[in-house]
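In the order they appear, the protein sequences are chains A and B. Numbering of the first sequence is given in my numbering, commencing with residue 16 and proceeding in unit increments. Numbering of the second sequence is given in my numbering, commencing with residue 418 and proceeding in unit increments.
Simulated from the structure, these hints should not be mistaken for laboratory data. It should be emphasised that the depicted structure is a prediction, and the values quoted were computed from it without experimental measurement. Careful: at least some of the hints might be erroneous.
[What the hints assert, rightly or not] Covered, in the sense of this in silico footprint (three residues per stretch, anywhere, with C-beta under 8 Å from a C-beta of chain A), are these stretches of chain B:
hint	region
1	589–599
2	603–611
[Unchecked claim] Pairwise CB distance ranges (calculated):
hint	chain 1	residue 1	chain 2	residue 2	range
3	A	Arg82	B	Ala1002	30 to 36 Å
4	B	Leu811	A	Arg82	54 to 60 Å
5	A	Arg116	B	Arg826	39 to 45 Å
6	B	His509	A	Gly143	31 to 37 Å
Cβ atoms here follow ideal geometry from the backbone N, Cα and C, with glycine treated the same way.
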Amino acid sequence: MLEVKDLTARYGRAQILNGVSLKVGENEVVALLGRNGAGKTTTMKCIMGLVDQKTGEITYDGQSLMRKAPHMICRAGIGYVPEERRIFPDLTVLENLEVGRRPRREGAPEWQLEHLFELFPNLAERQGNLGKQLSGGEQQMLTIARTLMGNPKVVLLDEPSEGIAPVIVEQMARVIKELKAEGLSVLLSEQNLHFARAVSDRACIIEKGTLRYEGGFDDLDAHPEISQKYLAV
Amino acid sequence: MGFYVAQLLTGLANASSLFLIACGLSIIFGVTRIVNFAHGSFYMVGAYLAYTIVTTLDGGIFGFWFGVVVAAVIVGLLGLLVEVTILRRIYHAPELFQLVATFGVVLIIQDAALAIWGAEDLLGPRAPGLDRAVRIMGEPIPEYDLALILIGPLVLAGIWLVFHRTRWGVLVRAATQDREMVGALGVNQAWLFSAAFVLGAALAGLGGALQIPREAVSLQMDLSVIGDAFVVVVIGGMGSVAGAFVAAVLISVLNAFAILIFPQISIVLPFIVMAIVLIVRPYGLFGKEGSEHGAPSEPEQPLRLLSSRATIVVMALVFALAASPAVVSDFTTILLVDVMVATLFAVSLHFMMGLGGMVSFGHAAYFGVGAYAAAMAVKFAGLPMIPAMLIGPLGAAAAALFFGWFCVRLSGVYLAMLTLAAAQILWGVTFQWQDFTGGDDGILGVWPAKWASSDRVYFYIAFVLCVGGIWFLRRVAHSPFGYGLRGIRDSDVRAEAIGMDVKFHQWMGFALAGGFAGLAGVVFAFSKGSVFPDVLGIGQSVDGLIMVLLGGIHALAGPIFGAGVFVLIEDWVSRLDYWRFIFGAIILVVVLLAPDGVAGGVDRLLRAVGLRREERA
Ligand SMILES: Nc1ncnc2c1ncn2[C@@H]1O[C@H](COP(=O)(O)OP(=O)(O)OP(=O)(O)O)[C@@H](O)[C@H]1O
Ligand SMILES: [Mg+2]
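Next comes chain A alone, as it looks inside the complex (with noise of 0.2 Å):
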């Protein structure tokens, strides 16, 4: 359903994506995989329309992304949880989510506050907290509940499971599973093969802007030289 192809990408002078082609199919999740500065978040970011010099094509349920605002991406039904946890930090915990709300969608779950705070507990502790004044890992944990609260039909996450607690990653792994069987479809940016192999069906390794793998964790696991050469293990 979500379809890039020969996406090329730069900033100012610098080339940073190559021609990456991935899919993401109905209730799917695939995890995009690469070292640091290997382009998984500019691909994400083209996607979303955060990105302006880029080519190649990108289609969500045929209709080309390419040249749409960020808004109307989210509003075709696309949710982005950025690396960077950018949550508000001067809005409350209940004000972040607000920004998210976006009306239900055909063919895509509904999120209610009362779903999110059981999937994110702490947070049902915190809503009257600011946004700075909340962990690392809450506040992961408030940008994927923010981005639900959009009701997506897709969600781009990007390495959730960066610098937080062990605990933390294995809530994100049982919240990522969640989605799944919500029906959602998920790209993940992932540097933790291990994490991405326990949540993801398929895989896409891609390497200073190139794609380099792509297929299931089986057949990675089976030329361990592959994800030895793109991956840092």
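Assemble the complex: chain A is given as a structure, and chain B with the ligands must be docked to it using the hints.
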């Protein structure tokens, strides 16, 4: 005791007025990151509209307050018009464009107001029902002041409720913190920005409308209020409404008491407070470093050395200029001196902005200090022309060293605001210090030495100084020092990492730019034979910005084009009626149609017709 209470109440009433203007400016900046020079114009239009409606209706208490509210609403709609037709197109442009574009709006509104309401000051009606004074501790206090003291906090409370109790308000606050993220969460930024702009404009209109019982409505209201409004916003922290309130109270109350000791201080006091606050708290009292996400990204363009062909063209132009007094009239010779002065001024500003990445809203300060230092050396020390010409740039460089030391500690809009504050302080001192600077009357009789008094000889003196100065700045741009400045502009972190003393480098760049602006000021002073405080004013600073913008910020040759075009347009247009309107329109056309400046526009035109090959990265 009663006297001091009365003074305090006057201060608080002024604080309310100031808050109304400043809070709108702060909201607009917080959401859109636009420094809106036209905010003073909205304030002025609010006052004019309220005057017209209230006097036409003549409907007592109801008529007065109805008129005030309707005026605010109409100004809000005017804001919508400006936002949708102009600003919406330049949200991603660098600050310079936005500033200059809003200044174009200032010029247009000024002439529109002149056409509609005439040049006479209009004395507004008193507020019916509030037109007397009550005695508080024996002192008469105008009832209307008391009403204002109430209105300020009421508006603050109203804004607080909207921002905290409505979805729209939550979105506005979120956008103030990270507007790109708000867009990625499905909020149409265009409408959010429009709405914030309308609210801000309407608040400015309200501020103006409420002012009619207190002061005459005049065409000077716009620029006279904008300086103070900026100061309040910066002190409070850009984007913080509560901060604007605290800052307005702080400044107005301080002012109410300070004038008892130094009657002249009111012009400079706000700027001094702002400078102190910014040094202690670089983002203002309640401000935070804005999120850099979605900040305008300037496409990096390397500065290129001129190609050999272009060098020939420039050399030919310089020779033609050198030979021109032989062929053109004296009048044109004088005009060409103006062009050279403007060009050196613009090149020095471009050196700071284009190369150093330090946007200055107050570069006129150093132009003016140069001019005044030379004029005073002639007038009071009786120095001959040549030594006076030396003192000018040195004085300007010294002033730039002093203010630059503070400015380079900040960056972005805050740096720009501090440069503005520096310029306003210098302007205020010059304006007030009658005995020393001649105040408003300026310094007259600053003529060149006898041997240099003919237009032609003076032309060559100006030629040597200006062309020499431009040549020198260009050399510096391509020296290791210039590369260093550019490196800092592109990434101060990286520059720091390779062991550069970033602040010191910027400080020296600031001082150098100031010194050469001073040189331009010196040449200017002797060519006119007089100096007035205007040379340090906002208008002169904005002229410089317009020249740099006209030329295109990325080309080293840009300011040369820009200054030439600017002086020629100004010379032509200023003879017409409503020249401000025409000039403002020209500015807007350039900003909207040729965002890379005249030089860039010509460049693209040449490419389009195939005279120039496309270059690929
Ligand atoms: N705004 C920008 N301007 C210039 N270069 C950028 C910008 N953002 C990212 N880059 C560069 O683009 C390259 C790819 O960055 P990207 O953030 O996409 O990598 P990533 O795979 O997400 O890495 P990480 O695992 O560290 O998040 C990097 O070399 C980075 O330095
Ligand atoms: Mg990344």
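Verification of the hints:
1. 589–599: holds (count 7)
2. 603–611: holds (count 4)
3. Arg82/A / Ala1002/B: 30 to 36 Å: holds (31 Å)
4. Leu811/B / Arg82/A: 54 to 60 Å: holds (55 Å)
5. Arg116/A / Arg826/B: 39 to 45 Å: At roughly 41 Å between Cβ atoms, Arg826/B and Arg116/A fall inside 39 to 45 Å, so the hint holds.
6. His509/B / Gly143/A: 31 to 37 Å: Because 36 Å falls inside the window, the suggested range holds.
Of the numbered hints stated above, none is contradicted by the structure.
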